[in-house]
Amino acid sequence: MIPGVNAPPMHPWCRSTTVPHVGNWRDKFFKEREGKYQVEGCFIESGALNNKSDEYGIKRNRHAQIYYNSVRNRDKQIEISKIAKNTNINKNLIQRVYEHIFENKYLLESGFKQFDPDFYMAQSWQRLREGKNIKKMDIIM
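In our numbering, the protein residues as written are 1 to 141.
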């Protein structure tokens, strides 16, 4: 150990210390890992309504509102049967999900009401109903 280099100065009543200089380790750390742990296909957006074409979500919100109203105006039992057939999930469970999303009212921050329409939930419901391109997140919904 050399006083003042890799050890504190050697004199009484001194509380100073030394800290090793490691350079710009953060830049090196992140540069080495850039893109290394990225999940492929998770961040790709496509379709007519996305963050580029509808930056503030106005069109997506309007689409969700229209789609939710169209689902509510359809025959509930046909809707449930189609999704149960396409997903092999029990009709009772699908019915509970349907009621939770489209019918039931809850005490929310803005009052006692139904959930606000959501664009991505509407897309998930549409894929489940049509039985095309069903994703894992649609089932989790």
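Don't read these hints as lab results, they were simulated from the structure. Computed from a predicted model, the values in this text were never measured in an experiment. Please note: incorrect hints may appear among the correct ones.
[As the list claims (entries may be wrong)] Simulated crosslink set (DSSO-like; lysine-lysine; CA at most 30 Å straight-line):
hint, residue 1, residue 2
1, K52, K82
2, K76, K136
3, K135, K105
4, K136, K36
5, K59, K132
6, K82, K36
7, K91, K135
8, K85, K135
9, K105, K36
10, K85, K132
11, K36, K59
12, K91, K132
13, K85, K105
14, K76, K105
A quick look at each hint next to the structure:
Note on K52 and K82: the hinted pairing is violated, with a Cα-Cα distance of about 33 Å set against a maximum of 30 Å. Annotation: proposed proximity of K76 to K136 holds, straight-line Cα distance about 23 Å (limit 30 Å). For a cut-off of 30 Å, the pair hint linking K135 to K105 stands: about 27 Å separates their Cα positions. Restraint check for K136 and K36: satisfied, since their Cα atoms lie roughly 24 Å apart, inside the 30 Å limit.
Straight-line distance between C-alpha atoms of K59 and K132 comes to about 23 Å, which keeps the hinted pair within the 30 Å bound. For the hint pairing K82 with K36, the CA-to-CA distance comes to about 41 Å; that exceeds 30 Å, so the pair is violated. Using a Cα cut-off of 30 Å, the hinted pair K91 and K135 holds, with the two alpha carbons roughly 19 Å apart. With a CA separation close to 16 Å, the supplied pair K85 and K135 stays within the 30 Å bound.
Between the alpha carbons of K105 and K36 the distance comes to roughly 45 Å, so the proposed pair goes past 30 Å and is violated. Simply put, K85 and K132 have alpha-carbon atoms about 12 Å apart, close enough for the 30 Å limit, and the pair holds. At most 30 Å may separate the alpha-carbon atoms for a hinted pair to count; K36 and K59 exceed this at roughly 35 Å. A hinted pair counts as satisfied when its Cα atoms are at most 30 Å apart, and K91 with K132 qualifies at roughly 19 Å.
Only pairs whose Cα atoms come within 30 Å are accepted, and K85 paired with K105 is accepted, the gap being roughly 27 Å. Our distance criterion of 30 Å between C-alpha atoms is met by K76 and K105, whose separation comes to about 17 Å.
In terms of the numbered hints stated before, the structure departs from hints 1, 6, 9 and 11, listed from lowest to highest.
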